[in-house]
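J.: So you can see what is in the structure, the chains are spelled out below.
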Amino acid sequence: MADNGYLQTVIVLSGGLSHERDVSLRSGRRVSQALRSRGIEVVESDVDSNLLSQLAEHTGSVAFPLLHGEAGEDGALREVFELLGVPFVGSVGAACRVAFDKSIATTIVGAAGIRTPTQVALPHETFRELGARVLVDALGDQLGFPMMIKPSRCGSALGCSKVARADELPAAMVGAYAYGSVAVIEEFVAGTEVTVAIVDRGNGSIALPAVEIRPESGVYDYAARYTAGATRFLCPAEVESDVADACADVALRVHGALGLRDLSRTDLIITPDGEPVFLEVNVAPGMTETSAVPLAIETAGWSLGKMCADLVRAAAARGGRTRAISLAAP
Amino acid sequence: MLERLRRQDTRLDHYVDRYAERAHGMTASAIRALFAVANRPEVVSLAGGMPNITDLPLDVVGSLLNELVLTDGRRAMQYGSGQGEPAIREAICEVMRLENISAHPDDVMVSVGSQQGLDLLTRIFCNPGDVVLCEAPSYVGALGVFRSYQCDVVHVAMDDQGLNPTALADALRALRRAGRTVKFLYTIPNYHNPAGVTQTLDRRLELLHLAERADLLVVEDNPYGLLGFDGEPIPALRSLNEDQVIYLGSFSKTFAPGFRVGWVLAPHAVREKLVLAQEAATLCPPVFSQFAVTAYLANHDWRGQIKVFREMYRERRDAMVAGLTSHMPTGTTWTYPEGGFFVWLTLPPGIDSHAMLPRAVTARVAYVPGTAFYADGFGSRHMRLSYCFPTPQRIIEGTRRLGEVLEYEARMLEIFGTAVEPESGRRALGPREAPGPNQA
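Quick mapping for you: the protein sequence lines, in order, are chains A and B.
For the first sequence, my numbering gives the first residue as 220, with consecutive numbering after it.
For the second sequence, my numbering gives the first residue as 474, with consecutive numbering after it.
No lab work stands behind these hints: they were computed from the structure.
Among the hints, a few may not be true.
[To be verified] Mimicking SDA-like on lysine to any residue, the simulated pairs with C-alpha atoms at most 20 Å apart in a straight line are:
(1) Lys780(B) x Leu683(B)
(2) Lys381(A) x Ser502(B)
(3) Lys525(A) x Arg334(A)
(4) Lys780(B) x Ala687(B)
(5) Lys525(A) x Leu478(B)
(6) Lys780(B) x Arg744(B)
Treat the numbers as computed from the prediction; the structure is a model and nothing was measured.
Construct all of the structure, not just a fragment, from the sequences and the given hints.
T.: Below, the structure written as structure tokens:
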């Protein structure tokens, strides 16, 4: 079925310079293929010094950012699109900036009445100033073990560790700081791991069926995420319907509280008593062959191509910002 | 709505329960994924081992290929012999003569790069659980082959004089006492990948003496042998012993890797089995590539071209060593390669090359963590730096960036104490932590 009747070229952006470049390239290829299957003209582009010329060459095109990690999900590029009046799929820059930072997002989500893990976000300088040993002991006392250590601004579980004992904490902190200057230290919440995508195809946000994640190794780390066969996915999640409804409700509220647009994915843990706990939200969720969102789309009876085309159409209808300046072709 | 949806229960791989055991370690790696960033021009990649063929005269090669297609295209594009074409086997013997290796073309089998030669050798010699001895560290591509045949790799100590024969004797004794079957020693005596060192003549003689006494088969991998910068080349192991040594050679570094032409020089009985294994694997090595390499060797001053490559790599080696001397923090040491592509860096105690790679990539410099070159999880205090591809200026800039990252790591170490996991407790990831062959 052709969707190209009233759609301009779509510029699918993937790659970039983040640690998740490889994943982003895979997401970009898959979405490009899905859009082309709908008869839409797609230009695949990396984020480099040629990008603005490319946008100028394809006046009236819609950008579809599939950039993961910093410099992709932190909103900077989307601010440029807004400035230039280029319509794009996804949330505005300011919302991305907030959502991408796990600590800031968790604070806002918590303030919206959603349960979040107890956590602190600390730059490594704090450990230097206060003394690592004292601070490590205090973290153990306050949060208990096991605890989770994560870089504040990174995805794909990069730099994340589950720490069972105090003596494992320094290595985990160093591992998290390798991906950024601030690390989040949070209580470990045991339960069922699910993820819920929110999609707005131009007629209001709806939650896709929750995907339950059961990594074979027990840990949903990078290898479990991107090795086909390494994780068992159940969609809809194998939970009671009221729990599934609660997960959908939380994901919608997260989407709303953070001011997100078009597409997001919220990762949750369902506690043994059936309460969803917010872990993090993604403004550019993975679209790879092993990602959860395409599976949820398929389970919902949609096609990835149709959904992406609808998102592009909604972005095109929205248009660029009024502060747009003109792009001169080189 | 949800009640009406049919639940999908999937691992997103329909074949997941059908894979052989040897495929179980073939998983995604966050470290390997980082090398995707290393290919961007903003990053100085000291990671990949791609030969630098900028100086290869493409006009000459183009004319040769054109001529080949026009005059001999039908033979060049047809199936060929499983052993390889006679003309290239003769030419290979001439190339080996530069390293004093005396060989007959009948004992040469052409392979798809020397990598496939190693694969076939492992296929015909090794059962699952057999031991292969390797230097510590060893070539990541070899570790990948040994893993895929489910061999147990036992590393043997080396130092700036190459593999230590005394350590080899100790390892052999211990393994045989434990009832283990040792199939061969895999070694890179010249300009070692990744260690950048060359085995001395005394040690070569001692090694061969031990191999004879202990009836140990030696697989000598020599892709960089003609790329020495300083002094006289040391005789190849194969030139000193014809019976105990199987030799792997390659045109990837002396001509171009894209043709994928390498070879194995082996005793007659082994060669016969190799050819049968080759026919089972590929029917025959690529005939067009063999014709192309033969034409290149016959019609171009390939010895002169190797000199050009050698000078180009020497300039890069000098830049690397100068950059390291200027920018590495106290407590860092490195090898001084007399040829080849690589420097092996040892970090101050407590700094983990594996853990710091993401920060290095953020600082726009890439290297391969030492853990990639060990089958047993060791190597986190080391890294391999390649100087073969970037320009000398970029190499120096890369070492500057690396120096800054190491300073940052030293501060982290100061804050958190020794953060490196005990090496014996690490999971061995080996080849999963190295860039792919097409990454600079």
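J.: Straight-line Cα separation of Lys525(A) and Leu478(B) no greater than 20 Å?
T.: holds (19 Å)
J.: So if I understand the rule, the pair passes when the alpha-carbon distance is 20 Å or less; does Lys780(B) with Ala687(B) pass?
T.: violated (39 Å)
J.: Are the Cα positions of Lys780(B) and Arg744(B) separated by 20 Å at most?
T.: Violated, at about 32 Å.
J.: Taking only the CA atoms, is the gap from Lys381(A) to Ser502(B) under or equal to 20 Å?
T.: holds (18 Å)
J.: Is the Cα-Cα distance between Lys525(A) and Arg334(A) 20 Å or less?
T.: Violated, at roughly 34 Å.
J.: Going straight from one Cα to the other, do Lys780(B) and Leu683(B) come out at no more than 20 Å?
T.: Not OK: Lys780(B) and Leu683(B) at ~35 Å, beyond 20 Å, violated.
In this structure, the earlier hints numbered 1, 3, 4 and 6 are contradicted, and the remaining ones agree with it.
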